[in-house]
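Between the sequences and the hints, there should be enough to build the whole structure, so can you do that?
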Amino acid sequence: MKPFAPEEKAAQPPSLFPDFRSSVTRAPASAPLKIPQTLTETTGPAGNGIWERLMGGNATDLTKQYKGEPLGERIIVSGRVLDENTRPVPNTMVELVQANPSGRYAHNYDQHDAPLDPNFTGVGRCITDAEGRYRFITLKPAAYPWANGPNTWRPAHIHFSIAGPAFATRLVTQMYFPGDPLFPLDAIACAVPEWARDRIVCRFDLETTMPYWALSYLFDFVLRGRDATPMEN
Amino acid sequence: MAGQTPWQTTGPFFHFGFCWKGGADLTGDSALGSRPDLTAPGHDVLAEPGTTNRRLVKGERIEIVGQMFDNTGAPFTDALIEIWQANAAGRYACPEDNRAEIPLDENFIGFGRAATDKQGAYRFRTIRPGRVPGPGNTLQAPHIAFGLVGPGILKRLLTRIYFADAPENDEDPILALVPAARRSSLIATREPGAADIYRFDIRLGGPQETVLFDI
Ligand SMILES: [Fe+2]
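Protein sequence lines correspond, in order, to chains A and B. In terms of numbering that gives the first Met the number 0, the first sequence opens at residue 0 and continues consecutively. In terms of numbering that gives the first Met the number 0, the second sequence opens at residue 0 and continues consecutively.
These are computed hints drawn from the structure, not numbers from a lab. If a hint is listed, it holds; no wrong ones were tucked in.
Covered, in the sense of this in silico footprint (three residues per stretch, anywhere, with C-beta under 8 Å from a C-beta of chain A), are these stretches of chain B:
1. 8 to 19
2. 106 to 120
3. 141 to 154
4. 199 to 206
Glycine residues also receive a C-beta, built at the ideal position from the N, C-alpha and C atoms.
Structural data, given as structure tokens:
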């Protein structure tokens, strides 16, 4: 049994980032205590079929969840879940949550003055294949305002949750789109140090764009890999 | 080598996607865990439960209830709490735990999710986990790993819960690393008058701040 490699802390946002106002009261007061990884941390819901048993199967085409066709720009978002040694992570759950193309979430607390679409919810699930691949067909979400300041707007983004092979490898993040003028102004994206910020931006890809049908964006998730040295026991 | 993907907050609008029916009920058929109250009408497309027969899970059934508070002591009203635990025999439902001599429970996976409510409260129905090995030749006391995300949290916070009535706590190798004065923040206590309900409150600040872990 080998532990996972350390988190690349320099590339991660800090807990407390005052420009992101809600982190001021929600960041923990004390630093976390370093502990060795045990079987609790090096395991997680992983393996063939486990995610289907836990929460049901794939839902990868967000444009076909209702009888009617939703309104908006159809896009393909695909890529791989890898570890930092570029080994694929198969059979892991990729969950997606996003606003609709008007910038509205199907959530009762979302007060943004923009319409819901009865044919689009903005949720998806995809269990990665043997090569760690996932693929969603969805609609491009829009920017929306938020109460971080008097005139603050979130750049268009998709929320992703990736389980990975173990409790230690879990990742929840947001994926942004290239060239968004709101991206450099966004307090959440800017909590990531500038040199690592392109890691949360997807790439437009003409090769996998489907002619006369949908633009394609590629994005790989990179999780912690295995440490080279075996665990003490 | 590739650089690790940075974390980002869940934001406040995750419930209609990340919470599923029964996600917080690891031992029964209830819908505990999903949040229809926060989902726009007609949009609960992914809320369906999985296919395990959770009523047949082996082990001592318990509930874990608690409240989460931010660093000012105000209720954390929209956190997403994830749990990961071994089954009653002390085996994890993961290929990495390949100790074939300890049985798996085909109906128990050991992963769950609950979102806190307006009072910061959450609830899981699960079983008391068995013991699993720790570093060296140690054995860990029964415990459940907790992961905390939500708006205002940029990167997951990690903690563990132990059980107040477990004598094994005294020899637990991870609890031993925690300063003695703070250990009680990791110990769930039995609710008065309810033998199977444990309370575990989570505080991100103050004198009883919950110990968080860096793994
Ligand atoms: Fe968002």
